[in-house]
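Participant: Sequences listed follow chains A and B, in order.
Take 1 as the starting number for the first sequence in the numbering used here and just add one per residue.
Take 1001 as the starting number for the second sequence in the numbering used here and just add one per residue.
Among the hints, a few may not be true.
[As the list claims (entries may be wrong)] Now the stretches of chain B that chain A is said to cover, found in silico as 3 or more residues with beta-carbon under 8 Å: (1) 1465 to 1478; (2) 1558 to 1571; (3) 1582 to 1595.
[As the list claims (entries may be wrong)] So these bits of chain A aren't anywhere near chain B, every CB distance computed over 10 Å: (4) Pro-8; (5) Phe-43; (6) Lys-118; (7) Ala-137; (8) Gln-295; (9) Ala-302; (10) Tyr-449; (11) Lys-455; (12) Gln-542; (13) Glu-543; (14) Asp-615; (15) Arg-726; (16) Lys-731; (17) His-736; (18) Lys-747.
Simulated from the structure, these hints should not be mistaken for laboratory data.
Think of the CB as a built atom: it goes at the ideal place given N, C-alpha and C, for glycine as much as any other residue.
There are 2 protein chains.
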Amino acid sequence: MNQDYIKPDNWSIIEEGFDRESVKSSESLFSIGNGAMGQRANFEENYSGETFQGSYIAGIYYPDKTKVGWWKNGYPKYFAKVLNAPNWIGINIEINGEDFDLNSCTEVKNFRRELNMKEGWYHRSFQATLKNGTEVAVDIRRFLSLDLDEVGVINYEITPLNKDAKIIYKPYIDAGVTNEDANWEEKFWEPLDVKKSGNEAFVTAQTFKTHFKVTTFMQNTIWARGEKQNLSPTSVDTIADKILFYYDVIVAKGEKSGIQKIGGYTVSLNHADTISAAENIIQTALAKGYDQLLQDQIDAWAKIWEMSDITIDGDVKAQQGIRFNIFQLNQTYLGKDSRLNIGPKGFTGEKYGGSTYWDTEAYCIPFYMATKDQQVARNLLTYRYNQLDKAIENAKDNLGFTNGAALYPMVTMNGEECHNEWEITHEEIHRNGAIAFAIYNYYRFTGDYSYIPEKGLEVLIGIARFWHQRASFSANKNQYMILGVTGPNEYENNINNNFYTNYIAKWCIDYAYEQIQKVSLEYPSDHKRIMEKVKLSETELQEWNKVAGNMYFPRSEEMGIYLQQDGFLDKDLVRVKDLDRSQRPINQKWSWDRVLRSPYIKQADVLQCFYFFEDHFAKDELERNFDFYESFTVHESSLSPCVHSIQAALLDKMDMAYAFYLRTSRLDLDDYNKEVEEGCHITSMAGTWMSIVEGFGGMRVKNDALHFSPKIPKEWGGYSFKINFRNQILKIAVDHKETKLSLEGTKELTVYVNGAPVLVQPNN
Amino acid sequence: MNQDYIKPDNWSIIEEGFDRESVKSSESLFSIGNGAMGQRANFEENYSGETFQGSYIAGIYYPDKTKVGWWKNGYPKYFAKVLNAPNWIGINIEINGEDFDLNSCTEVKNFRRELNMKEGWYHRSFQATLKNGTEVAVDIRRFLSLDLDEVGVINYEITPLNKDAKIIYKPYIDAGVTNEDANWEEKFWEPLDVKKSGNEAFVTAQTFKTHFKVTTFMQNTIWARGEKQNLSPTSVDTIADKILFYYDVIVAKGEKSGIQKIGGYTVSLNHADTISAAENIIQTALAKGYDQLLQDQIDAWAKIWEMSDITIDGDVKAQQGIRFNIFQLNQTYLGKDSRLNIGPKGFTGEKYGGSTYWDTEAYCIPFYMATKDQQVARNLLTYRYNQLDKAIENAKDNLGFTNGAALYPMVTMNGEECHNEWEITHEEIHRNGAIAFAIYNYYRFTGDYSYIPEKGLEVLIGIARFWHQRASFSANKNQYMILGVTGPNEYENNINNNFYTNYIAKWCIDYAYEQIQKVSLEYPSDHKRIMEKVKLSETELQEWNKVAGNMYFPRSEEMGIYLQQDGFLDKDLVRVKDLDRSQRPINQKWSWDRVLRSPYIKQADVLQCFYFFEDHFAKDELERNFDFYESFTVHESSLSPCVHSIQAALLDKMDMAYAFYLRTSRLDLDDYNKEVEEGCHITSMAGTWMSIVEGFGGMRVKNDALHFSPKIPKEWGGYSFKINFRNQILKIAVDHKETKLSLEGTKELTVYVNGAPVLVQPNN
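This is chain A alone, in the form it adopts within the complex (with noise of 0.2 Å):
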């Protein structure tokens, strides 16, 4: 944790002072991205220091062999990694013949980097000293434009300060990358075809395998003496997959001089013709220029934070921390294309493979749902129901299920599973239950049933028939059991009975069954269509039932708790707060096997259950497992403060449920975990989001309205979210007298606010 390194600021990420050491993680926080296509904030002059190059185009990924020590049965073919794109931000520069690296300047100082989230840029500026003793200013503002989402922009402006100079610009494209990751030292781009035209060049690559082709462009427009230079490269290197363009230009001492470059990516996903595309997309961005490309992206971060910001007052890192978190979501995934969803780091780093994971529906669909038009949450419950058949034949082919069931992969780009550790990809079945649960709270929250019918009904069967084949029967115990699986609290692995899983497995079961009966009653022909296809028997159904109605849940009467698995309490039960701090982060210091037999939990686990079926538990006992489990939870993983921080605040332990929201939402910022060099933790943000609006808001949706229990941490003054709910926008602001609440449109709501109606009127 290092709580200095970011300063505080209401809108903006800054960095003071140029520290090598962390140049990786301020690479990973200050990444851009649109959506489409994202980067680390790497600089985009030559750096010979430590640095993780990575730039990310979504839906391109490599399906890599799968490399085990020893083969076991059911392992996936491939797992499929995020690549590294080609690089078109790249310039590298140089001055009175030396060439440019901060690692080699003799001084850098006034080193400042801002991400500026209100309006989408990021900025760097510093002044350095070359060995050659020429002293320069330097400035440079980058965005990833909303509007043209395959258009990035660059203004690289260089002052000398001692003396005049003779800068070369030399900006380049290349597709000669590789990935950071460690293992393999393979390339993944096979170069098709490199091409130029003025200040204008294209390299067309394809990834192996694949296929995806893409043509990373440039555009150079040089600046000195106050105006644009009608310059062309005086010389051109090109090898196979890179070009790179040389300008010279003469700079008095004290005067700026620049380069923009307006670079990106069209992809075969979206075009046949990757290189005219690229040719119209840079017309388009020309002809805007960069003033108003400026301007329309500052105007699309507006309209994003008109819906979806929330205002903290009085507390200058917890509003920093949340707005971080809303701007890293939206630049990760906005909705618009149902093939795309939403890797744990984003556009931000490679580890997790840039895949689909569990996260999506656990944690972001409640954001999504609440923040954007509801068919975003629509497009993400349809990706699952594309790759129904993928799972189906996942939990057929890999692991020997029969009849339709299907498994859900964990780690997926296409449907297929594409993660190869059995402890993980056969084990951490829980996925399916969150997969059934985001359709059941898509429903809740949005009434719109339709999906259902039309879509979510295949989805519940398979995964009721996946958990019904799955449980064994175990006559010791006279009850159905599920045996040998990883629960949201990865620190276990092979475990029997996790409470998690057999919960929701029961639960999926008993979704399935009614949904099958309200669509038979209200959609039968929907009903009759659906029978069709997956030939389920009344006799089958029986078998659920059974199944589903003597599930075993781990659990001893005595504390009043439920056990996360069988035998979890003969565990040498030393709570975190006596583990020696020094041996934190475990998953650090320890080797695997003390992790797993120690009792210190990664994430929510049996809390987690209690999080999605709150009502099905009094409180007093939430009360009682929130305090044993509490004290046991090392939260290593991203995903675990907020849950934690919701109930707190539902237990009224609001010093608690503030240290976890400023932990969930300051995770990177303060990079609790010491990995932010590796990339952001993105799907955990939409985690934050919640520890505000169902943590201290309250929010909760029962019998299709609104509730309310706003509660506030003392240390604010007041703080205020807004919520699309229906396609009516509800606006609430919390401070210690009040709870006001306002209403877009022309429509009245009533919502629950400590149990009690309250009529909203519209504004207007």
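Position chain B relative to chain A; hints supplied.
Facilitator: Frame of chain A; chain B shown alone:
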């Protein structure tokens, strides 16, 4: 399983008929070795069909980079793999202008392989018709000399049957080889030098990273018209890592011609100048000549059989099985070199990396103790003593133990852990128990206590310290537990309180404690030296005793059995006999998670404990546990049936004992587990020996005396074996009427037969 594949024969392994489908399996079964090197029965001539090329040199390995999906703390940095060594057997052959290749011949008849175990050679003969119509008879004998263990010899003869033939013999040596292992395609040998002189050639190469230097050599002599031809190569092809000679011979129809090839390896483990060493060994071999080399081989094997043969009357398959096992063990390890150990596949395949496992201590040492000079077993113990520092380092650096706790590697070449699956490397810690048990077993059998004060005690202390630290206290049960392990039954991972592990852990601590007391009294200067080194306090010893004295053992009082682990009875307990045969072997038919949650046991686990500590349990307790666990054991580990066989014999279940015996002794010959093409199960072959000696013979050592309780399967007429007990050679012959004991040498010996003392007088 394929019972008709190998012809029954008392002394030879025989295959008749050419079946492309079984080439890889036969390559395993007909492997030859001499302790220093070994090789699969690959054809000398080119073969374009499916084949698994393998030639191996003892002690030569490669530390491959650990490659995993997600890195877990504690993984070793590399995993060692046995390397396919350069090819010295290759002889390409051209007959009347056509490359001779059994896969493309139009007819192959009278194909026959024989591995003559009595005399230690491998023979292959057949008649084949080439596509060009030439019909030839071919006869090849090959052996690896026991006397000159760097030398192998091939005699390759061809007789054209239907026309004259121009035959070009093209013997070669080739370091451009790769491993069969499909995951990595890299080469592991760096060529250094290619040299030729007359009919000799030398290819020197070194392994990458480990830099083992190996000179592969050949010397060729051409025979035709009944005599040696004074031929030099007509031509030579040389590339960086390969050299190939051409010898042209014109042979009349019906006339035999041939090539004698001497080849092999000289290695930097044994020679500073490997090329000179190769030149010398060729001279030594040539001086003896082919006939003498063969006679020496026959004599050397006669000496081995003299001591280690087991005879079985009236059951050829059983006789062939046990001899195959004894033969392979002797081909693999002869106990000359304490740097070497026994890989699970010996020289017959790559799997298990040719590394050392607990197999050595748990299964192999009893065989070598009883059939060799006791120095051989002591060498095997010393191998671990020499690696104690690395076991301490492994426990400390990889797994966070302290204070000299030692965890021996699960898989090793040089004392370092070199396997990287957490469930095995980090959790299969019971190996430490077998290593301590072997020290006890060695003393029990040989009476040589000196090993303990000299070396063994330090090993015992390091191991006891490990178990003491590895146990954790369960306040819930008020006992010590060992959580998160994989027991001998590898079809369970990360389980709590594996009975075998908990039991042997307690035993290790108790035994180390007792030996410290004994050494203190009887070897005070050793005690002083060791205590100064290990700094063991009275307080620490008390802590040991606290753990060992209050260890938890999972048990069902109701059923009167120990539980393999916590929760075992919660499984869906369908017995193996009730499992559809089509589902087996389950490790090939089921995904890993299904295997793990099933009740099926890969190999003896609770029963392994009863085997090691037979005296600790009453016979009726053994019987209850045997009956229960046997019904769930699928014996998919080669190490399993031998233990069940021994216990079935003890429990007078002789039909079962005999079935298990056949399964263990003919595991590879009948290919029970459908995997012999990967190599033979060498270490389990020692278990086969135990099945007869300890199972049917009932041999035990108690109170410094040999005990027997002989039984005989009804299928046999009689059987006999020899035991080297404390430098006296006792022969035991059992038939349905009586047990005959005879003793070599001059001293008498008291043994116990069915509990009664028998004074055996020496023969002479």
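Participant: If a hint holds in the structure, say so; if it doesn't, say that too.
Facilitator: For each hint, the structure was consulted:
Check on the region 1465 to 1478 of chain B: 6 of its residues sit with their Cβ under 8 Å from a Cβ of chain A, so the three-residue criterion for coverage holds. Residues of the region 1558 to 1571 of chain B with a Cβ under 8 Å from some Cβ of chain A number 5, which satisfies the need for three, so the listed coverage holds. Coverage of a stretch by a chain is defined here by at least three residues with a beta carbon nearer than 8 Å to that chain's beta carbons; for the region 1582 to 1595 of chain B and chain A the count is 9, and the condition holds. Here Pro-8 (chain A) stays apart from chain B, with its beta-carbon at least about 34 Å from theirs, past the 10 Å limit.
No Cβ of chain B comes within 10 Å of the Cβ of Phe-43 (chain A); the nearest lies about 28 Å off, and the non-interface call holds. Residue placement check: Lys-118 (chain A) keeps its beta carbon more than 10 Å from all beta carbons of chain B (closest about 37 Å). Every C-beta of chain B lies more than 10 Å from that of Ala-137 (chain A), the closest at about 42 Å, which supports listing it as non-interface. For Gln-295 (chain A), the condition that its CB be more than 10 Å from all CB atoms of chain B holds, with the nearest at approximately 44 Å.
Under the 10 Å C-beta cut-off, the non-interface status given to Ala-302 (chain A) relative to chain B holds; the minimum distance is some 40 Å. Tyr-449 (chain A), annotated as away from the interface, keeps every beta carbon of chain B farther than 10 Å; the closest lies near 35 Å. Once the 10 Å rule is applied to beta carbons, Lys-455 (chain A) is consistent with being away from chain B; the minimum gap is 28 Å. Distance check on Gln-542 (chain A): its Cβ is at least 20 Å (rounded) from any Cβ of chain B, clearing the 10 Å threshold; non-interface status holds.
The claim that Glu-543 (chain A) lies off the interface holds: its Cβ sits roughly 15 Å from the closest Cβ of chain B, which is beyond the 10 Å cut-off. With 10 Å as the threshold on Cβ separation, the claim that Asp-615 (chain A) sits away from chain B holds: the shortest Cβ distance comes to roughly 30 Å. A cut-off of 10 Å between C-beta atoms confirms that Arg-726 (chain A) is not in contact with chain B; the least separation is 41 Å. With a least beta-carbon separation of about 43 Å from chain B, Lys-731 (chain A) lies farther than 10 Å from that chain, consistent with its non-interface assignment.
Listed as outside the interface, His-736 (chain A) is consistent with that label: its C-beta sits roughly 44 Å from the nearest C-beta of chain B, beyond the 10 Å cut-off. With a minimum CB-CB distance of about 50 Å to chain B, Lys-747 (chain A) clears the 10 Å threshold, and the non-interface call stands.
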